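A.B. asks: Work out the full structure, taking the sequences as your base and the hints as a guide.
Chains A and B, in that order, give the protein sequences.
Each step along the first sequence adds one to the number in our numbering, with nothing skipped, and position 99 is 99.
Each step along the second sequence adds one to the number in our numbering, with nothing skipped, and position 125 is 1125.
Simulated from the structure, these hints should not be mistaken for laboratory data.
None of the values given here were measured: they were computed from a predicted structure.
Do not take every clue at face value.
Stated by the list, open to error - Simulated pairs of lysine-lysine, DSSO-like, Cα-Cα distance not exceeding 30 Å: (1) B:1162 to A:152; (2) A:152 to A:142; (3) A:152 to B:1017; (4) A:270 to A:257; (5) B:1017 to A:121; (6) A:142 to B:1017; (7) A:166 to A:152; (8) A:124 to A:16; (9) B:1162 to A:16; (10) A:197 to A:166; (11) B:1162 to B:1017; (12) A:124 to A:152; (13) A:166 to A:121; (14) B:1017 to A:124; (15) A:121 to A:142.
In case you want the letters, here they are:
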Amino acid sequence: MQPIIEVENLVKCYRKADRNAVDGISFEVMPGELFALLGPNGAGKTTTISILTTTLSATSGRVKIAGFDLDRESGAVRQTVGIIFQNPSLDMNLTAEENIRFHAILYGLYPFRPAFGMMPKSYKDHVHSLASILGLDEDIFKPVRTFSGGMKRKLEIIRSLMHRPKVLFLDEPTAGLDPQSRIALWQYLQQVRQESKTTICLTTHYLEEAEQADRVCIINRGKVVSYGTPDQVKANLIDEYLLIDADDRNRLSAELKNLGLKFSDVPPFKVGLNGQSTHQILKSIATPLTVVQTHLPTLEDAYLAIMGQEDHE
Amino acid sequence: MNNLNAIAALAYRDLLKFLRDRSRLVSTFIFPFIFIVAMGGSLQYNLGRSVGYDYLTFIFTGVFAQTLFQSATLGIISIIDDRENDFSQEIFVSPISRYAIVIGKIAGESLVAMAQGVVIIILGMIIGVPISLVQVALLTLVGVAICLFAGSFGLIIVSNMKNRRAADQIFNFVMLPQFFLAGVFSPIKVLPFYLEIPSRISPMRYAVDLTRGFFYGGHAEYPSVVLSEPGVNVLVMGIGFGVMLVAGTFLFVRNEMNR
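C.D. replies: Following this line, the structure appears as structure tokens:
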């Protein structure tokens, strides 16, 4: 299968900047994937997304989206992608419906008409169904200014899906939302993925969100520092381990030595699993244990470990 | 075809925004009213006899051109606001031509300016400026030309501007001096060289003079009011529009993408 996004050696140096904001990153996204771009503030996430959505020109590198070259076929790329920006890009003076209509006309879905009543029936039906998804109904004819943050975000997502993009970019879509709105938004995104097989490429600070991704790319200071499935990223960085302790620590440590297991010197002992199952290890220990804890690394552990290493360099 | 629809949608959005902004609605009509009624009236009564033509009509035509020019120029500069509240990104990622974006904006601000022009014509009629139906038609025609010219002028300015703060200075440094250099309220038939040069550089001069050229055509006052033949003004404005539109769009798009 062809990747739907191919990024090769992308570099961006802002004018008057002394270092590259994006410094030679490469990655691929397969059709239908949920792809997460992860990294601290200033890592180059938004810069990358801006380049991929044609609003910023790259210094060098090659990008292909759905087979279209970003430089030479930017028009086709624009028709193929949808984007939710970090800050809401709605016109606050217009109603929700007017914002949607504006988008639909810019993407050539419908001809221009000055009022909702004059639009084709298919459009009206579409808007009504969108309104019910949003739980807005008649509020869809109210100015966006009156909407809550979560509502605006959802409206933006609905708007960006109007032209059925193959790839949806989301730049920190849940930043600034309360936990409830965040969960609701994710449910809706998952539903979109299932229904229309849209490829989703998002940037986020929230590691539990990235945990749901098919593939993760962690960038720092414009460079890729880790790339793969969440499991691969975790596996590359931290080992799973078992935390055990006993009243008779000397006996336990002697026994662990005899078994040839690697473990930390200071109790409670951290025993690396190295591919063995927890059960196997526990079975082989005769010393009565007082503490048994298994530790499965989260993406957050991996992320913090990576960033820790980076800071030491 | 899609670009035409997009231009219509962009233009309509500007008109809607104008009609929904009550304070802007009121303020755009108050200035022409003060200029024409208060200023025109007082000058007519005190200086009118010595200039040898109707001063109220002179100021009416000047303010008509100035209002349209200013409204279209500052309207285009409001692109800055779209950039600051991130709406411009929605337009820039859409698959329409970059020229369609610029032309849609100019068309929209022209519609807004023309709405103001209509009100000024009605105001003029009410306070007794002698206007024939032919002159109304001519003013409308000239009005469209002024809006397009001023729109491209606004584009050149905004394409070189970074933020709202810079935009706020535009009125003081670019618009206000032109009120006097373009002869909106005062005759500039004879000027010392240090005013003649900046006057000929100011775009508003050609807009004002074209308006008077059409308005006074065939009237006795024509030679004492009009500076150059309408043909000359049309030529200057036409070339200016073409050059500023192409250069402005190029610079605007480049500055937007090459940050």
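A.B. asks: Would you mind marking each hint as holding or not holding in the structure?
C.D. replies: Status of each hint after checking the structure:
1. B:1162 to A:152: It holds: about 28 Å lies between the C-alpha atoms, which stays within 30 Å.
2. A:152 to A:142: OK: residue 152 of chain A and residue 142 of chain A at ~12 Å, within 30 Å.
3. A:152 to B:1017: 19 Å, holds
4. A:270 to A:257: 13 Å, holds
5. B:1017 to A:121: Judged against 30 Å, a Cα distance of about 26 Å means the pair holds.
6. A:142 to B:1017: 14 Å, holds
7. A:166 to A:152: 22 Å, holds
8. A:124 to A:16: With Cα atoms ~48 Å apart, residue 124 of chain A and residue 16 of chain A exceed 30 Å; violated.
9. B:1162 to A:16: Given that 30 Å is the threshold and the Cα spacing comes to 15 Å, the pair holds.
10. A:197 to A:166: 8 Å, holds
11. B:1162 to B:1017: 23 Å, holds
12. A:124 to A:152: This hinted pair holds, its Cα atoms lying about 20 Å apart.
13. A:166 to A:121: 25 Å, holds
14. B:1017 to A:124: Given that 30 Å is the threshold and the Cα spacing comes to 23 Å, the pair holds.
15. A:121 to A:142: Given pair residue 121 of chain A, residue 142 of chain A holds - Cα atoms ~21 Å apart, limit 30 Å.
In summary, the one numbered hint that this structure violates is 8.
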